[in-house]
Structures are given as C-alpha cells and as structure tokens.
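Student: Okay, here's what each chain looks like letter by letter:
Protein chains: 2
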Amino acid sequence: MVQTISVGLLGLGTVGTGVVEIIDNHQDKLMHQVGCPVKIKKILVNDLNKKRDVYLNGTRLTKEADEILTDPDIDVVIEVMGGVDLARDYIEKALANKKHVVTANKDVMALYGSELLQIASENQCDLFYEASVAGGIPILRSLVEGLASDRITKMLGIVNGTTNYILTKMSEEGRNYEDVLKEAQELGFAEADPTADVEGLDAARKIAILGTLGFSMKIDLDDVAVAGISNISKEDLDYGKQLGYTMKLIGLADRTGNKVEVSVQPTLVPQAHPLAAVNNEFNAVYVYGEAVGETMFYGPGAGKLPTATAVVSDLVEVVKNMRLGVNGNSAAIPQFGKNLKSNDEVTAKYFLRIHAKDVPGTFAALTTLFSEQNVSLEKILQLPLTGNLAEIIIVTHAATKRDYEATLMKLNDLDVVKEVKSSYRVEGDDVR
Amino acid sequence: MVQTISVGLLGLGTVGTGVVEIIDNHQDKLMHQVGCPVKIKKILVNDLNKKRDVYLNGTRLTKEADEILTDPDIDVVIEVMGGVDLARDYIEKALANKKHVVTANKDVMALYGSELLQIASENQCDLFYEASVAGGIPILRSLVEGLASDRITKMLGIVNGTTNYILTKMSEEGRNYEDVLKEAQELGFAEADPTADVEGLDAARKIAILGTLGFSMKIDLDDVAVAGISNISKEDLDYGKQLGYTMKLIGLADRTGNKVEVSVQPTLVPQAHPLAAVNNEFNAVYVYGEAVGETMFYGPGAGKLPTATAVVSDLVEVVKNMRLGVNGNSAAIPQFGKNLKSNDEVTAKYFLRIHAKDVPGTFAALTTLFSEQNVSLEKILQLPLTGNLAEIIIVTHAATKRDYEATLMKLNDLDVVKEVKSSYRVEGDDVR
Chain L
0 MVQTISVGLL GLGTVGTGVV EIIDNHQDKL MHQVGCPVKI KKILVNDLNK KRDVYLNGTR
60 LTKEADEILT DPDIDVVIEV MGGVDLARDY IEKALANKKH VVTANKDVMA LYGSELLQIA
120 SENQCDLFYE ASVAGGIPIL RSLVEGLASD RITKMLGIVN GTTNYILTKM SEEGRNYEDV
180 LKEAQELGFA EADPTADVEG LDAARKIAIL GTLGFSMKID LDDVAVAGIS NISKEDLDYG
240 KQLGYTMKLI GLADRTGNKV EVSVQPTLVP QAHPLAAVNN EFNAVYVYGE AVGETMFYGP
300 GAGKLPTATA VVSDLVEVVK NMRLGVNGNS AAIPQFGKNL KSNDEVTAKY FLRIHAKDVP
360 GTFAALTTLF SEQNVSLEKI LQLPLTGNLA EIIIVTHAAT KRDYEATLMK LNDLDVVKEV
420 KSSYRVEGDD VR
Chain E
0 MVQTISVGLL GLGTVGTGVV EIIDNHQDKL MHQVGCPVKI KKILVNDLNK KRDVYLNGTR
60 LTKEADEILT DPDIDVVIEV MGGVDLARDY IEKALANKKH VVTANKDVMA LYGSELLQIA
120 SENQCDLFYE ASVAGGIPIL RSLVEGLASD RITKMLGIVN GTTNYILTKM SEEGRNYEDV
180 LKEAQELGFA EADPTADVEG LDAARKIAIL GTLGFSMKID LDDVAVAGIS NISKEDLDYG
240 KQLGYTMKLI GLADRTGNKV EVSVQPTLVP QAHPLAAVNN EFNAVYVYGE AVGETMFYGP
300 GAGKLPTATA VVSDLVEVVK NMRLGVNGNS AAIPQFGKNL KSNDEVTAKY FLRIHAKDVP
360 GTFAALTTLF SEQNVSLEKI LQLPLTGNLA EIIIVTHAAT KRDYEATLMK LNDLDVVKEV
420 KSSYRVEGDD VR
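Protein chains in written order, with numbering that gives the first Met the number 0: chain L, 0 to 431; chain E, 0 to 431.
To be clear, the hints were calculated from the coordinates, so they are not data collected in a lab. Wrong hints could be hidden among the right ones.
Treat identical chains as interchangeable: a pair holds within one or across any two.
What the hints assert, rightly or not - Derived DSSO-like pairs (lysine-lysine); straight-line CA-CA distance at most 30 Å:
{"id": "1", "residue 1": "38", "residue 2": "303"}
{"id": "2", "residue 1": "40", "residue 2": "50"}
{"id": "3", "residue 1": "319", "residue 2": "217"}
{"id": "4", "residue 1": "319", "residue 2": "337"}
{"id": "5", "residue 1": "337", "residue 2": "28"}
{"id": "6", "residue 1": "28", "residue 2": "153"}
{"id": "7", "residue 1": "38", "residue 2": "319"}
{"id": "8", "residue 1": "303", "residue 2": "258"}
{"id": "9", "residue 1": "217", "residue 2": "153"}
{"id": "10", "residue 1": "49", "residue 2": "38"}
{"id": "11", "residue 1": "303", "residue 2": "62"}
{"id": "12", "residue 1": "28", "residue 2": "319"}
{"id": "13", "residue 1": "356", "residue 2": "409"}
{"id": "14", "residue 1": "319", "residue 2": "97"}
{"id": "15", "residue 1": "38", "residue 2": "153"}
Produce the complete structure using the sequences and hints provided.
Tutor: What follows is the structure in structure tokens.
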C-alpha cells in the first residue's frame, strides 16, 4: 500500500504556511514514519490572488470549503483558520464526511471539544488538537500516553506567551504594566486589543482543555475562575521578589478525589521553582502525578513553526492510525463526572499587601483578625510609608478560600487598615 | 476479546515492587485504556522465602527464568532486574520466544540496544525502554512522537540525579565535593562506590540512548567523551556564579548535518537558563528542534514509582499494539549512518581559571596567545591572590575544540602562567 494520503488545509495564514513548509521539507522523514507520501491537495483561502510567501507546489487554492469537506479523495482535514463558529461547522462537517481532523483551534476545542470528540468517535475518525495548547510542547500526548498509568492530581500552566512576556519584562526591568504592554504591542508580542490575553481568557481556554484531558472530566470554560494581569503593579512584583517570589499568570487545575478547581490568576511562585525560570514568551506546564511526582514540559507556546510542528505530529498520528485501521479509538472522551470544589474545599497560600496606620496596636489588630478567621501567617514584612502609614506584606499558610475571602472583607472594615492594595495566590511552595 | 494479558516480571526489587503496586492499584484505569485485564503471572526472584513489602495477590514466584521466558501464556516480559549480561540474555530469549519486552535497563540498552531492537523487529515484538532514561519524564516517547515532524539538532541533559544532587548542594551551601558526597552516601543518594555516577558513566549511557533515538543514529557508548565531577572545586562554582553561571553535569548530543558530537562533562549554564533551575535529584532534557525551537522535559530521574510508572506506560503501549496487531512496527532502528565530529568541527564556549604571575605583561601575554590560537574572549575577571599571583577567569567566545585545546597546552608553557586550575565547557548561552 503506497497510496498517497491527501490533506485538505483550511486556512493559509501563519500556521497554515508553516504546515505547508514542513510537509514539503520533510517528505523523506514523513515517508519513513508513515510509509506513504502525504500531500496537501487543496487549501481554503479568502483571496485566491493574494501573493503568498510559500511555494505551493501546484496545490489548488479554493474559496469554497465544500470543495474540501466533501471531496471524497481527501482523507484528513487540517483546520488552522481560527475563529469559532465557522471553524466548528467545518470540523463537524469534515467528521460527518468521515474525514479525520487536526486542529490548532483552542477556542473551538475549549467551547465544543467534548461534543466534537463525540462526533469523531461516532464516525470512527480521529480528532487531534495538540497544537491548541502550547504549540511547541507535546503536552497533550504526554498527558494521554507518557503518564498513562499515573493519576494526575494537579497542573500549573504558564500557557499564554503574551502575558508571560509582559510579566517577565516588568519583573526584570522594573517597569509598569502599561509601559511594557505598549512596547509589546509595538513589537507584535501583544495584539492591538490585548483583552483576551491580559484578562486571562486565552489561558482559561487552554487550562480547560488541559483539565479535561488530564482529569478525564468535561471542564467547561464557565468552570474556570479567571483573573488577569492588568492590575498588577510594579510594587507587587518588587515586594514579591523581596519575599522570594516571581509573578506568573498561572492556569491551575487541581483535583482532590472527584472534586476539582480550575482557575487562572496572577500567582506568586518561589524563585527556585522551575516555573519561575520560564521567561518571555515561553510556556510550560507543571504536572503533579500521584506516582511520578513532579514533571514539567517547557517550550514555545506559539509561533509559526512550533505550532505547525504540533499539527504535523498529529497528522503523522492520524496517518499511522489510518494504516493500522484504528482511527477514532483514541478520542479521549471524558469518563468521569465533574464536581467543582466549593470555597471550603479550595485551599491555598496567599500573598497580600496592605496599607495600614503606623500606630501601636495595628499589628495586634491584624493578627487577631487573621487568627479569628483561621488564617495563619507564614511571613510578614513591614516597611514605613510616608504619611504615617505602613506597608505590610503578608504571606499566609494554606487556608481555605472561604476563610481567606472572609478575612479580606473584614480587613477593609478594620479601623487601622487604610487599604488592601493587592492580594495574590501563592503556588509551588511545596517544591523541594 | 476480553482475554487477560499475562505479564512475566524479571526482578522484584524497588522498581519491580512499584510495578506490582501500580498494576494492582490501577486495574480500573488500565482496563479502560487497553480494554482487557492485565495480570502479572510470574515473578523471577533470587529468594523465594524473602519477606516482601508488597501484596502479591497470588502471583507465583520462581527462581527459574525459563519458567517465564518459555511460558506460552506469558505475553509480555518486564525486565527490572538490572545488571548487564544476564538481563541481555533474558531479553533476547524473551524476544526469540515472541514475547514483547519492557525494560528499565539503561546499561543493556546503551550497550546492546540496536541489536536487541533488531531482534525485536525480526520477531515482530515490541521492545520499549522509556524507564531507562530519566524514569519520571516521558522523554523517549516525546522524541519519537511529539517531535515527529521536527529535526532534532541538539540535546542537553541533566540525566544523573546523584551528581545533580551533589552539585546543587555544593553550589547552594558553598561546600566541598568530598563533604557533600559523603553526606549523599549517608542519605542514600549516592552509592558506596559512586564511580559510575560521579565519573559520568551513568550519564554517558543515557545520552547514548537519547542520541540514538533523537538523531536516529547508532550512538555507541564508546562514542561518548566522558568527564565527571570529582575534580570540581568550590572555587570553580564560586567564580562561575560570579560570572552568572551554574555548574551542571551535562550530557550533550549535537548534530550538524550528519556529523555528531556526544559527550558528558561538567558544564556551566547561564543562571537564567531553565536547566539552571533543575536542582537536587531532578533530571531534565533540553531539546533543540529545527522547527519547534527549544523545549525542555523535567521530572524525577529515578525512584520507585516514577520508574515503575514509565514501565507501566510502556506496558500499556505494548498491550494497545497487541490489540491492534501492530507490534514491532515501532522498533526505532537507527536509519542514518553516524559520523563523529572531529575536534575541528566541535565548537563551544569555554570557562577557564588560571593562576598567573601578577606582573606587568601577564595580560598581554595571555591575550596574545589566545588571539594567535583564534580563540576570542568574552569575559575576563582578574582577582589578586597571595604570593604575587593573580586569579584570572576567562570565558571565551565559541571556538573549535582543536583551537581551544591547543591554547590550553600552550598556556602551560607560558612563563607568566603558574597553573591552569580548571577548564569547563559553557552551554546554553544562546538562550533568549
């Protein structure tokens, strides 16, 4: 059987171009891996006449999706067009027409992944999406296969390159958020409308996908509690640093029994933790397994060739499965029911920064309040401010979210407290 | 087909016990993954009557390997007994008897891996060995599958936990090698005879396996240039730190075209490089791919459950392949010829520490010599010593190994040089 595998490509933007290049440049290696030639037959584009920066080797361009989705010769559809509704429709139609699908689309997978995997399974088709989370890191495959015999209990992910770039620059150069964001936009590291990145929405989609796969539970985007980085101040980073922490936007998925917490928030991690060394636009996912302990997967989170590499790795898997006649077997449909943890069940350490009156009794009032709320303190740093105020930085021991939030509320009512300036979660302090 | 898969286990030491526990504790998950029960039928042990710390659930113990290797009911043999010759014989016999093999044995795989994979392929059997390199990290599978469509150009691995533990303690606590080694031996992190670890031999076996798989070339143990950590002084670490570096024992595999360099040596990496944050007994492999760029895989390198998890993940893969009838397809037999780089083709940056006479003209003599040898200098640090001597620390730009070694020779002949105290390779300075 030396039949050629025909691929239909939806989209010829950055990633699509990368896919064309890799398939073209690596024909030998692909041939060795899958045992037959792989060829892109048609590509869906918006503009047939646009000048392209890639050698298309006679591949036909089309503006009609159906020319690809209903072409009986096309075996695999690769969706790299982005967007949500249209992409979802095309993926669904491709699967219904018994075409295997590889997608890099985190939005579609976070919103409709479970349904689409179900459709794939019913049609005995593969639906792979490694490129949708941290393109350059083979994390999804590692969760499914490499840690196959383990039980994953927690994941901490730096899964958004834009925010990690901004936080790295703020931290290393002592600059303000607005400053660095502006520069990042000028350099093309942040979009003109950066909301999805800086407010944590992009990270939320990715941690929903990771949680779904890692815990084998259907984690919906609505299950993810989200906070972004736009309120982080230079002072927060400085005081964090003084106490030994680095600020990262962390997507967290945590499981205790069948109860889960999934969230995205600016988080302080100890400087000695491997996540603290993940800088600039790099991504990483830190995984806790019951048996294996702690592992981390690090690499580029996006970019033309990293993402295209993940897409083509998925394509190789699809073709291998085709040759073995086992497509659709690996559609990882969630097998466990999901229960979100209540605020009594979420426990964490917290960092908080308070402006308080620099008068006798302030400390006693604060510590009494924390103690009454069952929140014990690990580190305290007090510094004088102008105007008879003190800057007080506190790192707590692990406390329930309910107790901690109640404490925050009551702090604002305390006479000696002028303002709670900021409050962040602390993770990774259990590292050896 | 709800046939039970029968496993024969060779060895019931630490890892073997872990394998028994994981298979016992995860029957449900295994059943879900592979669709049939998996049971350990027989275990090869040295002493039938020894008290065991594990529930054996009626599994038969035997002192006769042939009871396992020739039992027609046994589908998969797991080799976790260690050692070389006997383990190799058993693996070969198991394969000849059409049994799939999973091994955690780096020694056997480094020495006889290619031959054994050939035998596996001829018998249409799987031979998997994920646990042989950095047990807790699914690195081999990532190299084969996750980066399938990429071309790997370089790997830097911290692949020996004992030496990383020793170097971490020396660096963090400012202690001497002998001191820390003694403590590590008392704590059980180093063996009574630590030679294989501290002289880099264990790391050499692992980088040979990684190089073979990553480059698809047969890298023999003899191809690996090895240097260990026993001569590293506290001063080397201190001066390295002053110039922004952390000392690690790095296994390196580097490819330019079809020319390779494979080596193990104490290496200085920049403090901001992710490898510098790999501490204590943790392992990591930093991979450079042509398309994907830089990725890192981090986790425990050894330990009962991490290693056993890798073994059971391989077992899951074998059983999946059995159910699909495709065993032996994935035996990754090297496909490219190997050519070792000459000393003219190996280029690197180096750190060196010299004791020189603190007299006028010393610097000129040194810089003239480097310049004559085509080695240019990036950083120089000079400090006074007692006795009219100066401590001079130099970091070079990239130079060929031939030029650098010639420089070292001639340095010793220079009148102003009292002694070349130490010299280390520098890697990872290209990190962004």
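Student: Determine for every hint whether it applies to the structure shown.
Tutor: Evaluation of the provided hints:
1. Proximity of residue 38 and residue 303 under a CA criterion of 30 Å is satisfied intra-copy only: 20 Å inside one chain copy versus 45 Å between copies.
2. With identical chains, the CA atoms of residue 40 and residue 50 are at most 30 Å apart within one copy only, with a shortest distance of 19 Å there and 65 Å across copies.
3. Taking identical chains as interchangeable, the C-alpha atoms of residue 319 and residue 217 lie at most 30 Å apart whether they share a chain (28 Å) or sit on different chains (24 Å).
4. In the homo-oligomer, the alpha carbons of residue 319 and residue 337 lie at most 30 Å apart only across protomers (27 Å), although the nearest pairing inside one protomer, at 33 Å, exceeds that limit.
5. Taking the closest pair of Cα atoms, residue 337 and residue 28 come within 30 Å of each other only across two copies (17 Å); inside a single copy the shortest separation is 42 Å, beyond that limit.
6. Only between protomers do residue 28 and residue 153 lie at most 30 Å apart by alpha-carbon distance; the minimum there is 18 Å, versus 36 Å within a single protomer.
7. Taking the closest pair of Cα atoms, residue 38 and residue 319 come within 30 Å of each other both inside a single copy (15 Å) and across two copies (29 Å).
8. In this homomeric assembly, residue 303 and residue 258 come within 30 Å of each other (Cα to Cα) only across copies, at 28 Å, whereas the closest approach inside a single copy is 37 Å.
9. Proximity of residue 217 to residue 153 under the C-alpha cut-off of 30 Å is restricted to the intra-copy arrangement: shortest distance 16 Å within a copy versus 38 Å between copies.
10. Within a single copy, residue 49 and residue 38 get their C-alpha atoms as close as 22 Å, which meets the 30 Å cut-off; across copies the closest is 60 Å, which misses it.
11. In this assembly of identical chains, residue 303 and residue 62 lie within 30 Å of each other by CA distance solely inside one copy; the values are 23 Å within and 56 Å between copies.
12. For a Cα distance limit of 30 Å, the shortest separation of residue 28 from residue 319 qualifies both inside one copy, at 14 Å, and across copies, at 25 Å.
13. For the identical chains of this complex, residue 356 and residue 409 are intra-copy neighbours only, at 16 Å inside a copy versus 68 Å across copies, given an alpha-carbon limit of 30 Å.
14. Proximity of residue 319 to residue 97 under the C-alpha cut-off of 30 Å is found in both arrangements, the shortest distances being 16 Å within a copy and 23 Å between copies.
15. Proximity of residue 38 to residue 153 under the C-alpha cut-off of 30 Å is restricted to the inter-copy arrangement: shortest distance 29 Å between copies versus 40 Å within a copy.
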